[in-house]
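Quick mapping for you: the protein sequence lines, in order, are chains A and B.
No gaps in the numbering here: position 47 of the first sequence is 47 in the working numbering, and each next residue is one more.
No gaps in the numbering here: position 100 of the second sequence is 100 in the working numbering, and each next residue is one more.
Note that these hints are calculated values from the structure, not bench results.
It is possible that some hints are incorrect.
Claimed, not checked - What follows is a list of derived Cβ distance ranges for each label pair:
| hint | chain 1 | residue 1 | chain 2 | residue 2 | range |
| --- | --- | --- | --- | --- | --- |
| 1 | A | K56 | B | T14 | 42 to 48 Å |
| 2 | A | D66 | B | L118 | 42 to 48 Å |
| 3 | B | N59 | A | T67 | 41 to 47 Å |
| 4 | A | H57 | B | S22 | 32 to 38 Å |
| 5 | B | S22 | A | T27 | 22 to 28 Å |
As the structure is a prediction and not an experimental result, all values here were calculated from the model.
All residues carry an ideal CB built from backbone N, CA and C; glycine is no exception.
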Amino acid sequence: SQQGEEDPQALSIQEGENATMNCSYKTSINNLQWYRQNSGRGLVHLILIRSNEREKHSGRLRVTLDTSKKSSSLLITASRAADTASYFCATAPISGGYNKLIFGAGTRLAVHP
Amino acid sequence: KAGVTQTPRYLIKTRGQQVTLSCSPISGHRSVSWYQQTPGQGLQFLFEYFSETQRNKGNFPGRFSGRQFSNSRSEMNVSTLELGDSALYLCASSWAGTSGGFSTDTQYFGPGTRLTVL
Numbered sequence: 001s002q003q004g005e006e007d008p009q010a011l012s013i014q015e016g017e018n019a020t021m022n023c024s025y026k027t028s029i030n031n032l033q034w035y036r037q038n039s040g041r042g043l044v045h046l047i048l049i050r051s052n053e054r055e056k057h058s059g060r061l062r063v064t065l066d067t068s069k070k071s072s073s074l075l076i077t078a079s080r081a082a083d084t085a086s087y088f089c090a091t092a093p094i095s096g097g098y099n100k101l102i103f104g105a106g107t108r109l110a111v112h113p
Numbered sequence: 001k002a003g004v005t006q007t008p009r010y011l012i013k014t015r016g017q018q019v020t021l022s023c024s025p026i027s028g029h030r031s032v033s034w035y036q037q038t039p040g041q042g043l044q045f046l047f048e049y050f051s052e053t054q055r056n057k058g059n060f061p062g063r064f065s066g067r068q069f070s071n072s073r074s075e076m077n078v079s080t081l082e083l084g085d086s087a088l089y090l091c092a093s094s095w096a097g098t099s100g101g102f103s104t105d106t107q108y109f110g111p112g113t114r115l116t117v118l
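Work out the full structure: start from the sequences and follow the hints.
Listed below in structure tokens is the structure:
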């Protein structure tokens with residue numbers, strides 16, 4: 001079963017708007033990673049945030065992690081049409097063993113010009 | 001650095017056949033993991049290899065197997081294919097093994113192999 005659940009399942013916005021995606025998980029983790037996938041292609045790594053971190057930034061991306069609530073959020077600011085993709089959170093559970101990531105179902109983001 | 005490469009990119013097989021997929025990790029990366037992605041089950045972990053040893057395994061039947069070579073390249077094999085094995089198979093590489101039994105490294109994914117079983 002999947003550990004992570006993303007919310008919303010789909011998000012449709014206009015270019016220039018901000019997009020926020022949320023992820024919840026069930027067990028204690030070592031880190032949480034966000035990935036982007038375009039049309040069934042490979043996953044592109046966006047950000048890794050460790051369990052002892054609360055916030056990380058990378059360009060237009062901002063990720064927060066609240067381990068007490070077992071949740072994370074990904075904010076994309078000033079969205080572009082090229083940001084249209086599916087976004088997945090993936091957790092590395094402490095009990096998961098070596099390099100096992102558990103993925104959520106993903107959020108489908110559509111950014112309209 | 002070149003990214004993770006997977007071959008072939010597309011495969012069509014019939015039920016009962018077997019298939020071998022290949023993955024070349026980023027140069028210097030020693031860990032290779034495999035994932036299956038389907039519309040119904042999403043992304044699921046298959047197994048992880050480090051230094052030619054399988055260190056972790058997901059909840060898949062024994063028809064799914066893999067191996068890693070001394071140059072860190074990895075292959076996965078699916079025997080006696082079933083219709084439900086149709087999926088995108090992704091491999092990921094990371095820099096080194098982990099300590100303490102959990103992942104600390106960023107994983108970099110390849111473009112995937114799209115397997116269709118007829």
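Status of the hints after comparison with the structure:
Checked against the hint of 42 to 48 Å, the C-beta distance between A:K56 and B:T14 comes to roughly 47 Å, which is consistent with it. Look at A:D66 against B:L118: about 46 Å separates their beta carbons, and that is inside 42 to 48 Å. Our hint of 41 to 47 Å for B:N59 and A:T67 is violated, since their Cβ atoms are close to 26 Å apart. Checked against the hint of 32 to 38 Å, the C-beta distance between A:H57 and B:S22 comes to roughly 37 Å, which is consistent with it.
Checked against the hint of 22 to 28 Å, the C-beta distance between B:S22 and A:T27 comes to roughly 33 Å, which is inconsistent with it.
Hints 3, 5 from the list above are not met by this structure, while the remaining hints are.
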